[in-house]
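Generate coordinates for the entire structure from the input sequences, incorporating the hints supplied.
Chain by chain, the residues run as shown.
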Amino acid sequence: MHCRRLIAVTLLLAAGATRAAHADELRRLAVIAGNDTGGGDTRPLLYARDDAKKVYDILSRLGGVRPEDATLILDGTAHDFLAALGEMERRARDATQHGEHVALLVYFSGHAKDGSLRLGDTQLPLEALKNRLAQAPADVRIGIFDSCRSGMLTRTKGARKAPAFEIESKSARDAKGLVILTSSASDEDSQESDLIGGSYFSHHLASGLLGSADRSGDGRVTLFEAYAYAYDRTVADTAESAAGAQHPTFSYDLAGNGDLVLTDVGGRHEGLYFPRAAPSGVYYLVDTRGFVAAEVVKNADADRRIALAPGRYRVKRRLADRLRVGEVDISRGQLATLDEARLHDAPFADDPVKGAGLNLAVTRWSLGVGGTYQSIFDAPSRESLFPATGMLGLEAQLHNFFRRDWIWAFDLALGSATGTVDLSTGGQIPFHFSEVGLGTSMLVEWPHARLTPFVGVRLALLLMSRTFDGSTLPEQHFSTLSPGIVGGLKLRLYGDLGLVVRGRIHYLLYNVDENRSLGYWELASAVSYDL
Amino acid sequence: MTCRRTLFPLLLMIVVGLTGLTGAGCGNYSNEDLEFMSALPEQSDLSAEVPVRSAVVLADTAELYRMTRNVVVIFNGVVDSFLSLIDAIRAYSPTTRLPDERIWGPFPAQNQPGWEVRMVMVREDLATFTYEVDFRPIGSGDDAWIEVIGGSFAATGGVRRGSGHLEVTTAAARAAGLDPGLGFLDSMIADYDNHASPITVNLSFTNLPNPLAPDDPTQGTYGFSTDANGNGSLTFNFSANSIPGPVGIDVFEVTSSWLGSGEGRSDLQVVSGDAAGAHEAQCWNRQFQVVYTDKPWSPLEDIGTPSDCPAIPSL
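Protein sequences appear in the order of chains Z and W.
Residue numbers 54 to 584, in the numbering used here, belong to the letters of the first sequence in order.
Residue numbers 140 to 454, in the numbering used here, belong to the letters of the second sequence in order.
Among these hints, one or two may not hold up.
Residues from chain W that keep clear of chain Z, each with C-beta distances beyond 10 angstroms, as calculated [as the list claims (entries may be wrong)]:
1. Val298
2. Gly316
3. Asn368
4. Gly416
For the chain Z half of the interface with chain W, some residues (derived, Cβ under 8 angstroms), not all of them [what the hints assert, rightly or not]:
5. Val474
6. Leu476
7. Gly480
8. Ile482
9. Met517
10. Thr525
11. Leu526
12. Gln529
13. Phe531
14. Ser532
15. Thr533
16. Ile558
17. Leu562
18. Asn564
19. Asp566
If you are wondering where the hints come from, they were derived from the structure by calculation, not from laboratory data.
Small disclaimer: the values here were computed from a predicted structure and weren't measured.
Backbone N, C-alpha and C define an ideal beta-carbon position, used for all residues, glycine too.
Structural data, given as C-alpha cells:
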C-alpha cells in the first residue's frame with residue numbers, strides 16, 4: 054500500500070441553459086488527467102495514470118461523453134491541463150450558445166502539495182483552478198480531485214459540505230452549479246493500493262460507475278450514488294491502514310436541486326449480471342492482467358448489473374474460511390449472468406487478487422531469447438559490405454527502474470551470413486560475415502490485458518568481421534556505435550511467458566573507405582519470461 | 140530522485156549516441172582495400188607446375204623430365220622468395236588509406252635490425268595498380284627509402300586476373316648495408332599474364348657469384364606457360380660440364396612441354412661448349428619413362444623413334 058498519494062479529480066458537469074431544440078440532451082465534456090510525478094520533492098505515484106485511464110474509459114463507454122469531447126492527459130503539464138480545459142470551455146460556450154445543456158467534468162489524479170496540484174515539475178494552484186471551474190461556461194461543473202489533502206477544496210468559501218445521500222434525484226437539466234469531490238479530507242493523505250492496482254478512491258469510484266453504486270437499481274449511476282459508494286468503500290478499506298482512514302469529501306454549490314446521471318449501465322447490452330439469488334457479499338472481478346476491474350457489493354435480495362468491458366474475468370468472493378472463485382467471459386453485446394454453481398471453493402493461497410499492480414509497478418527483470426533478421430536499406434552496401442544477417446539473441450529487461458512503464462533493456466545477438474564483394478576491376482570475392490551486437494534500449498510500454506505495445510530508443514555496439522576463403526586476404530573487422538529506434542508488441546501467452554515481436558531502425562556510420570551514412574532495419578521475435 | 144533517474148539514461152544515450160554519430164566506427168572493413176590487395180600477385184599466380192605422379196623420382200624416369208622438374212622447384216623457390224615478402228605485408232590491412240593509394244607500414248624489417256619496410260600501392264586508373272616495397276634505416280627521412288621490389292598490375296577482370304610486371308633490385312639495398320634476405324639474387328624481372336589461358340610467366344634473374352658454389356649460374360631465364368587442361372611448357376637455360384671435351388662448362392637451353400596426362404618432351408640445345416649447336420630430344424610416357432631419346436654426343440642412350448613421342452599442342 055502506498056500513502057501520501059495526492060490524487061485530485063475534478064469533475065465539472067454543467068447543465069446549461071435550456072433551449073427547445075436541445076432541451077432533452079446533455080452535452081458532456083470531460084478533461085481527465087493523471088500524473089504519476091509531482092516534482093523533485095515528491096515520491097512518484099504508481100497508479101495515477103491508470104486511474105485516469107480507467108475513468109476516461111468508463112466515461113467514454115458508459116458516461117455519454119463523445120470521444121471528441123473527452124481529453125485524456127497522462128503525465129502532462131499544468132499547461133497541457135489548462136489548454137485542454139480551455140478547449141472544453143470553448144466548446145461548452147459554443148454548445149450553450151446553440152441551446153445545449155452542458156456538463157463539464159474535470160478529473161485529476163496525481164500529486165498535490167502546498168495548495169497546488171502537481172503535474173510533473175509544474176504546479177496548478179487549487180484555488181485558481183476552483184475559481185476557473187466556478188466560472189466555466191457550463192451548466193454543471195464537476196471537479197473530482199484524487200490527491201492528498203484535496204479536501205481543502207471543499208473547505209473553501211462558497212461550497213457547502215454535504216452528507217452523502219441527501220440529494221434528491223431529478224432530471225439532469227435541473228442541476229446547475231459546481232460540485233467538487235475529493236478523495237480525502239484536507240488533513241489526510243490519499244492512498245494507493247498495490248493489491249487493487251490503483252487508488253482506493255478512484256478504484257471505488259470506478260467500480261461504482263460500472264454499476265456497483267446503482268443503489269436505486271434503475272440501471273443508472275448518479276453523481277451522488279457514485280460518491281456515496283466511493284465514500285463508504287474508501288473509508289472501509291482504509292480504516293485499518295497504517296496511514297489511517299481516508300475520508301472523501303463532497304461539496305456542491307448548486308443553484309437548483311438535482312442529480313446528474315454519470316453512467317448508464319442499464320443501457321449497455323454487455324456486462325455481468327448478478328441475479329437476486331446470488332449470495333450477498335463483496336465480489337472482485339479481476340481482469341487478465343490481475344487488476345481488480347470492479348469491486349461489487351452484492352446485497353441480499355437485490356440484483357446488480359456491472360457494465361464490464363468485453364473480456365475474461367476471474368470472479369472472487371471471500372468467505373470466512375475460503376474463497377469462491379471462477380471465471381466469466383463477457384462477450385461484446387452480451388450480458389453474462391453470474392452462476393454461483395460455476396464458482397468453486399479455493400484456499401486463500403489461490404486468491405486471484407494478488408497485487409498485479411505491484412508486479413507491474415515495481416522494479417523487476419524479464420529475460421528473452423529469440424531470433425532477429427537484420428538488413429541494410431542500401432542495396433549495394435547490403436550486397437557487398439554488410440549482408441543481411443540472421444541472428445540469435447538474448448535480452449534482459451529491467452522494468453520500472455527509472456520510472457514506471459519504462460524499460461531499460463540489454464541485448465546480445467550473434468549472427469553470420471555470406472556475401473560477395475564485386476570488384477570494380479571485375480571478379481568477385483566471396484566472404485563469410487559474422488556479427489556480434491550489444492545493445493541497450495530505453496523503452497516505454499503501455500501494458501494491456503494481453504498486448505503490450507512499446508517504443509523506445511536503442512544504442513547498439515556492432516562488432517562485424519568477415520573472412521575470405523582460400524585467400525591470403527586478411528580478416529576485416531568493423532565496430533561502431535549505432536543509435537536507433539525500437540517499437541513492438543508483447544503478447545502474453547501463459548503466465549509469465551510472453552511472445553515479443555519487435556522492429557528496429559538504426560543508423561550506421563561506415564567510415565573506412567569513406568563516410569557513408571547507412572540505415573538498417575531489424576525484425577525480431579522472442580519468447581520472454583518475467584522473473 | 141525521480142527526475143534524476145529519468146534523465147540519467149536519456150543523457151547517457153544521447154551522449155553516447157552523438158559519439159557514435161560523429162565517427163566512432165573503426166576497423167579495416169574495406170572493399171577498396173580488397174581492390175588493392177587483389178592486384179598483388181600470389182604464389183599460385185606465378186608458380187609453375189609439372190605433372191607429378193609421386194614425390195619420389197624413380198630410376199627409370201626420363202632424364203630431361205627430371206631436369207625440368209628440378210628446375211620448376213628452383214623456379215618456384217625464386218618466385219616464393221620475393222612473394223613471401225609481399226604476402227607478409229599483405230597479411231595486414233593498410234596502415235594509411237589515401238585516395239587511390241594505400242600504404243602498409245612502415246614496419247620493422249624482419250631479421251634486419253635497424254631497418255624498416257613499407258609497401259606503397261597506387262591506383263593509376265581504374266584497372267592499373269603499381270606497387271613497391273621499400274626499405275630504409277629506422278629514423279631516416281622519406282628520401283631514404285630504397286626500392287627493392289617494384290611492380291605493376293593491369294587488371295582485366297576477375298580476382299588477380301590480368302597482366303603484371305615485377306622487378307627486384309637488390310644492388311642499392313646491398314650498397315646501403317641491407318641484406319634483403321633474397322640470397323644471392325641481384326636482380327630479377329618477371330612478367331606474367333593470367334587473364335586467359337594459357338597463363339604465361341617469364342622470369343629472368345641475375346645472381347651474385349656464390350663463393351661457395353662458383354659453378355652456379357649467375358644468370359637465368361625461365362619461360363613458363365600452362366593452359367586450363369594442365370598442358371604446359373617450360374623454357375630455361377642452365378650451365379654444366381655435361382659434355383666431355385676440352386671446353387668444360389657447357390651452356391644449354393631447354394624447352395620442355397607436356398600434356399596434363401603426364402606425357403612430355405624436352406628439346407635441349409647446346410648453346411655453347413664442347414658440343415655447341417648440338418641438339419638432344421627426349422620423350423616420356425605417362426609414367427615419365429623414356430620412350431624416345433636422340434642424344435648425338437651419346438648415341439648409346441638413343442632409344443625409340445620420333446613417332447613414339449606424344450603430340451603436344453603449342454601454347
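Against the structure, the hints come out as follows:
1. Val298: Not fine: 4 angstroms to the nearest Cβ puts Val298/W too close to chain Z.
2. Gly316: Check passes; 31 angstroms lies beyond 10 angstroms.
3. Asn368: Holds, because the least Cβ-Cβ distance between Asn368/W and chain Z comes to about 22 angstroms, which exceeds 10 angstroms.
4. Gly416: Gly416/W is indeed farther than 10 angstroms from all Cβ atoms of chain Z, at 46 angstroms.
5. Val474: holds, 5 angstroms
6. Leu476: Because about 6 angstroms separates Leu476/Z from the closest Cβ in chain W, which is inside the 8 angstroms limit, the hint holds.
7. Gly480: Holds: closest Cβ of chain W sits about 4 angstroms from Gly480/Z, inside 8 angstroms.
8. Ile482: Because about 6 angstroms separates Ile482/Z from the closest Cβ in chain W, which is inside the 8 angstroms limit, the hint holds.
9. Met517: Check passed: Cβ of Met517/Z comes within 7 angstroms of chain W, closer than 8 angstroms.
10. Thr525: holds, 6 angstroms
11. Leu526: holds, 6 angstroms
12. Gln529: holds, 5 angstroms
13. Phe531: holds, 3 angstroms
14. Ser532: OK, holds: Ser532/Z within 8 angstroms of chain W, min 6 angstroms.
15. Thr533: holds, 3 angstroms
16. Ile558: The hint is violated - Ile558/Z has no Cβ within 8 angstroms of chain W, the shortest such distance being about 14 angstroms.
17. Leu562: Because about 5 angstroms separates Leu562/Z from the closest Cβ in chain W, which is inside the 8 angstroms limit, the hint holds.
18. Asn564: With a minimum Cβ separation of about 5 angstroms from chain W (threshold 8 angstroms), the hint on Asn564/Z holds.
19. Asp566: This hint holds: Asp566/Z lies near chain W, its Cβ roughly 5 angstroms from the closest one there, short of 8 angstroms.
When the structure is compared with the earlier hints, violations turn up for hints 1, 16 and for no others.
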